Amino acid sequence: MMNYLKDICDPSPTVIGKAISMFSVNNPATKTPECIPAISMMGTAPAFYRIPVTPALFQAIEGGYYPSEETVVLRFVPRVPSQESYLDGMLSLDNRRIILQSLEAFKALITRVCPLFSPSSPDLIFLPHMNPEMNFVWSVYSANKDAYIQYITIMLFACLPVLCA
Amino acid sequence: MANCPRSAKCAANWTNTELFGFNIRVVDVDAATFFESDSPELPPSTASEVILNNVTRPNGPLTKDERQFFQYIDLVHPVPFRPGWIHVADFSAFITRMLNYDDEDCLIFQRKGVGFPMIWKVVYDRLDVCLMNVQTRKLVLHIHANNVRYSYFLFSTRQINDELFKGYM
Chain U
1 MMNYLKDICD PSPTVIGKAI SMFSVNNPAT KTPECIPAIS MMGTAPAFYR
51 IPVTPALFQA IEGGYYPSEE TVVLRFVPRV PSQESYLDGM LSLDNRRIIL
101 QSLEAFKALI TRVCPLFSPS SPDLIFLPHM NPEMNFVWSV YSANKDAYIQ
151 YITIMLFACL PVLCA
Chain Y
1 MANCPRSAKC AANWTNTELF GFNIRVVDVD AATFFESDSP ELPPSTASEV
51 ILNNVTRPNG PLTKDERQFF QYIDLVHPVP FRPGWIHVAD FSAFITRMLN
101 YDDEDCLIFQ RKGVGFPMIW KVVYDRLDVC LMNVQTRKLV LHIHANNVRY
151 SYFLFSTRQI NDELFKGYM
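Chains U and Y, in that order, are what the protein sequence lines are. In this text, residue positions in the first sequence follow the working numbering: the first is 1, and each later residue adds one. In this text, residue positions in the second sequence follow the working numbering: the first is 1, and each later residue adds one.
If you're looking for bench data, these hints aren't it; they were derived computationally from the structure. You can take every hint at face value.
Taking lysine-lysine pairs in the BS3-like style, the calculated list, with each CA pair at most 27 Å apart, reads:
(1) K31(U) - K112(Y)
(2) K107(U) - K64(Y)
(3) K9(Y) - K112(Y)
(4) K9(Y) - K31(U)
(5) K121(Y) - K31(U)
(6) K112(Y) - K107(U)
(7) K107(U) - K31(U)
(8) K121(Y) - K9(Y)
The model shown is predicted, which means the values in this text are computed figures rather than measured ones.
Could you put the whole structure together from the sequences, leaning on the hints where they help?
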């Protein structure tokens with residue numbers, strides 16, 4: 001019973017799961033490693049996270065297997081004069097000053113560490129794959145527009161006479 | 001944990017089992033390590049002196065940010081078993097706006113739907129508050145508004161137990 005309570009009271013798994021969904025949204029085609037920043041708010045008391053999501057972890061979650069590489073998530077809970085009163089959050093002036101300072105530092109960290117503030121990935125990516133109808137399909141993915149902009153289909157059977165000639 | 005049973009579930013239902021199952025470990029660090037700074041001191045706050053020096057809303061003229069800060073604090077005030085926690089996401093969105101997280105082509109969104117593939121299924125979820133760069137169309141930050149009153153990593157099991165029994169007395 002207590003283990004179950006510990007599980008449901010800890011926000012970390014949910015925060016990490018949502019970071020993985022962010023990774024999926026940010027990288028639909030090109031799976032490049034990212035460090036996802038996140039905050040968990042308990043009332044007015046935050047806990048800060050830096051969640052590294054790698055293609056290996058993402059593939060393990062997608063395929064449902066145990067990844068060999070360990071993922072270490074960093075968590076920072078601001079140190080306030082009385083840690084027992086931390087969940088009072090910004091009600092206390094001492095806590096409020098430290099929490100606001102931490103939020104400022106986190107904002108600076110995001111702009112410094114997170115590469116997503118500037119477009120760094122290439123815009124157009126060509127992705128060849130084969131669909132169930134046995135056609136070769138080239139998808140052209142635009143990273144900036146975050147959408148597939150064109151599909152080029154080459155029918156395999158239409159090409160066979162040419163290939164056999 | 002390689003043989004840990006795994007099933008597709010949305011992030012809201014993730015527990016420590018998923019973390020063990022996918023070899024994820026959470027480590028608590030200090031400010032210097034987390035913020036990659038040389039000194040353990042945090043930078044000074046840019047919030048107004050009215051916010052930093054008054055517990056409750058003072059009399060007199062206030063700016064819009066100051067007024068809303070005290071109003072949100074009143075709403076989210078974490079009194080046990082008071083349903084103020086439903087305003088946590090709204091407060092989170094407000095505080096990010098107040099601290100200008102939405103500079104540099106970023107916008108703040110609430111309840112944004114997202115999905116990701118997990119064990120050959122697609123699971124869907126909602127980000128309580130998130131920050132999106134509108135130029136790159138990428139999500140930069142997400143804030144999880146906790147709807148559970150007590151957190152395991154801050155409270156001992158004894159304290160959690162006591163509070164739970166209070167609810168039945």
